[in-house]
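Visitor: With the hints as your guide, set chain U onto chain Z.
Each protein sequence line maps, in turn, to chains Z and U.
The first sequence begins at 1 in our numbering and counts up one residue at a time.
The second sequence begins at 1 in our numbering and counts up one residue at a time.
Hints may be right or wrong, so weigh each one.
Stated by the list, open to error - With a cut-off of at most 27 angstroms between alpha-carbon atoms, the simulated DSSO-like pairs for lysine-lysine come out as follows: (1) K329(U) - K91(Z); (2) K17(Z) - K136(U); (3) K4(U) - K336(U); (4) K79(Z) - K91(Z); (5) K136(U) - K79(Z).
The hints are simulated quantities; they were obtained by calculation from the structure and are not laboratory data.
Being a predicted model, the structure only gives us computed values, none of them experimental.
Here's the letter readout for the chains.
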Amino acid sequence: MGYLNNQVVTVDAILTKKGRQLLARNDGSFRITQFAVADDEIDYTLYNPNHPSGSTFYGEAIENMPLLEAFPNDTQIMKYKLATLPRGTAKLPILDLGYSAITLQQGGTLAITPQTLNYLGNQSINETSGYSCTVADIRLLSTFTGIGINTPAAQTQNQQSSTAIGQNTSVNQTLGTDVSATIIGTQINLRGTTVNTLYGAGTTVGAQIRTTLTFVGIDSGARITIPLTITRTS
Amino acid sequence: MSFKRFETQDIVISSDSITGPAWSNGVTALTSFFTSSIQAAGSSGDYYLDVFQSDPIVAPDTSVTQFSIAYCDSLGSGSVNFNDAVPFRTPTLSNFGQYRTLVLEDENSEFIFGDNTNLLTASNFYAISVDRARYKEAIFPGSFNLTLSASNGFKKIHLTDNSNVLAVNTFLGSTRVMQVVSGSNGTPVGVNGYVEASGSYGLFLPDLGTILLNPAALSQSLHLNTSRSRDLSGENEDRLFQAIKDGANFSLSSQETISSDFVFVRLRNSEFNYSENPSFISGSTGELIYNNFINQPQVYITTVGMYNDSNELLAVAKLSRPLLKDFTKEALVRVKLDF
Numbered sequence: 001m002g003y004l005n006n007q008v009v010t011v012d013a014i015l016t017k018k019g020r021q022l023l024a025r026n027d028g029s030f031r032i033t034q035f036a037v038a039d040d041e042i043d044y045t046l047y048n049p050n051h052p053s054g055s056t057f058y059g060e061a062i063e064n065m066p067l068l069e070a071f072p073n074d075t076q077i078m079k080y081k082l083a084t085l086p087r088g089t090a091k092l093p094i095l096d097l098g099y100s101a102i103t104l105q106q107g108g109t110l111a112i113t114p115q116t117l118n119y120l121g122n123q124s125i126n127e128t129s130g131y132s133c134t135v136a137d138i139r140l141l142s143t144f145t146g147i148g149i150n151t152p153a154a155q156t157q158n159q160q161s162s163t164a165i166g167q168n169t170s171v172n173q174t175l176g177t178d179v180s181a182t183i184i185g186t187q188i189n190l191r192g193t194t195v196n197t198l199y200g201a202g203t204t205v206g207a208q209i210r211t212t213l214t215f216v217g218i219d220s221g222a223r224i225t226i227p228l229t230i231t232r233t234s
Numbered sequence: 001m002s003f004k005r006f007e008t009q010d011i012v013i014s015s016d017s018i019t020g021p022a023w024s025n026g027v028t029a030l031t032s033f034f035t036s037s038i039q040a041a042g043s044s045g046d047y048y049l050d051v052f053q054s055d056p057i058v059a060p061d062t063s064v065t066q067f068s069i070a071y072c073d074s075l076g077s078g079s080v081n082f083n084d085a086v087p088f089r090t091p092t093l094s095n096f097g098q099y100r101t102l103v104l105e106d107e108n109s110e111f112i113f114g115d116n117t118n119l120l121t122a123s124n125f126y127a128i129s130v131d132r133a134r135y136k137e138a139i140f141p142g143s144f145n146l147t148l149s150a151s152n153g154f155k156k157i158h159l160t161d162n163s164n165v166l167a168v169n170t171f172l173g174s175t176r177v178m179q180v181v182s183g184s185n186g187t188p189v190g191v192n193g194y195v196e197a198s199g200s201y202g203l204f205l206p207d208l209g210t211i212l213l214n215p216a217a218l219s220q221s222l223h224l225n226t227s228r229s230r231d232l233s234g235e236n237e238d239r240l241f242q243a244i245k246d247g248a249n250f251s252l253s254s255q256e257t258i259s260s261d262f263v264f265v266r267l268r269n270s271e272f273n274y275s276e277n278p279s280f281i282s283g284s285t286g287e288l289i290y291n292n293f294i295n296q297p298q299v300y301i302t303t304v305g306m307y308n309d310s311n312e313l314l315a316v317a318k319l320s321r322p323l324l325k326d327f328t329k330e331a332l333v334r335v336k337l338d339f
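Here chain U stands alone, though its shape is the one from the complex:
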């Protein structure tokens, strides 16, 4: 026999949560930020601004989108009308509706930054949408650290999520949400890290890979003067990008759950001791190449094949070096298949 059936206990399914650096090349903290003039000038530039870890003009092969910045406004301010016959229907309004549907799941709900007595009902916000390949399944709460700097460089704020002080998860619709606050590594500074009378700095949505920032709070503490001009490009994405670039620190970790099959291949001493390898026999009659192989065959395992009932090879595992097998040896090979 050359096939052996697995026993029930030979296949174990396991799920592990894996966290790691979010940015390209395993970098935890981005310190340099670039945009693409081609993307910004294109049709997508009306809606969002892609941010890269290296200059896409200088290194087009290695430059990869890390995140995007969008400005969202319920009044449609900060961008030009799609059509002058229909005023204030603009990309920023489309952005606002998109995130309202995605996050609030109710077109009559409003974005509220902060809680209790310090909250702000916002009609506009910035959205930082992390590239899916970067955050994988979710952003790891507590790993978010973003430094924003005023253009003159004299004022800096350090933002994080408040996951460390939340006793229980909070949700907006079905979306897990945390407040963006002043602080670091998931812990706010002061009472709650909010801005007086402006609520929190935003909302942290780990399962959507999205961070919403509150323009009122940013204006108050950083003088990031968001433009709400009607039918005029406010270039607000550029304002936030410049603050991120000058802050020179955006750290994030990704989180994903990897389901694995652990397959235990058990080879008893009396099993798998002869080979169909053509060099194991001599001539065309099937005689063994060496006489001592008749009673003491020695074979070298290099490959484990996993099959279905129809003998179709579904997965294969190679050992890093040959494993000697004979009638005096048993072997146990553990194979991990990730999905």
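Just chain Z, with the same shape it has in the complex:
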């Protein structure tokens, strides 16, 4: 991964792995309709509000830093989105899943109902637009659904993700491929895979495979990533 030339402000744009996948699918799902901005790579502890030279220099250590080129893996970029919040916000929204890590047995199920803390003056709410949940490797789940949001976009998205893990094989789709999947809902339902081959040859009961789940509050932009582990039982 190379650095970008920071002598002039340029923009280095690429399609993500997900973008290429949807472009290849050729079903209209590759359609840019919205954007978000992020401050990946920025460490705000480098911001120095006590700089002896004054406020112009508070961000000196950040403003001149070179940035890395874009990563094509959609789960490795846009990690820290910027949010539009009322001026005077003292606490930023954070997500509470009730879990810091999830471990499921093969075929085991779990329902997660995220909550957003500190959002729009509420101590804890369920966001109106729901939450997106991205599993980095779809192969680890045999069921991955979101419920509670009935917008057309959410329903389409949830249908596509169901298709991607093989619930609907009538659609041309490469199964068993290490790609991410995203669903939307106020409640996220998981079921661990029962496929033994993912554990590799020579593994036995108790072996584990692991990926990540990333939850994002669609209204607040709050984000949390937790590990998901599936334990072999047969």
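Guide: Chain U only, in chain Z's frame:
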């Protein structure tokens, strides 16, 4: 909110025609030419000869096919029969049929070099097929310059296409065609750059990345004696290759149309002023790291993500340096996506 929808006018689709040097490493004119004895001795060597910009034996990692030379003959002359039980069915006949189908789109049509009173109906020709990665979408008319030299070096001819003197495009079937003539940079020398009584030097087919050369014209002006022996390898590809090598100049430019999406990302002063970056808050309660960030937050944009309605990240753009954003600043970032 962390997502903002694009307005209709924020996404503009544009198509631009891009031209550039055709040969590897951005070279416009090739002056050195090499072949591969392995390719020539293989089964494909019966049909065509690959030409490289560097020696494939000495530099196998960097040596890349630039173009191929094939000899095509409606009589099947110049190469050995596939099977002696079926005479004159040869690779050169297959080549001829292949280009007849591709270019003329009619098995009863004939290749005609030249026009008006100076034309030649040809039953054989050479085909120079440029590697697709070199010409991309089409060869840029007017950029074709090829020097051929007789083996003794005393006679040279400079060939080009006649695109500069064509008032309107001409077609063979659905294929754009120009005459190959004596001249340079798309302009013939003399009246039309043809060879007396032999028509033009060939046909230039920019959309197929192919140049057909007329053996009769080459024989007349360069003494390139094309072999039409039956059931015998005439090694005609080698003859033309040697003439190209001795001429030491083959220049070509590629042409392609790149469709781009220009996406305008507009950030209003009141938008995107707080960050979910873990270093922007202190502890697990979400409190801002600095008190002055409560009323005067300062964030640094490094990345723009473009999403579909399902919040799937389709494309991403990184800035080359962080861009300061606060309640007093607005930003406009233009992102270009090429397809």
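Visitor: Each hint should be assessed against the structure and marked as holding or not.
Guide: Verification of the supplied hints:
1. K329(U) - K91(Z): 22 angstroms, holds
2. K17(Z) - K136(U): Roughly 25 angstroms between the alpha carbons, so the hint for K17(Z) and K136(U) holds.
3. K4(U) - K336(U): With a Cα-Cα distance of about 18 angstroms, the restraint between K4(U) and K336(U) holds, given a limit of 27 angstroms.
4. K79(Z) - K91(Z): Measuring from Cα to Cα gives roughly 19 angstroms; hence the hint holds.
5. K136(U) - K79(Z): 37 angstroms, violated
Checked against the numbered hints above, the structure violates only hint 5.
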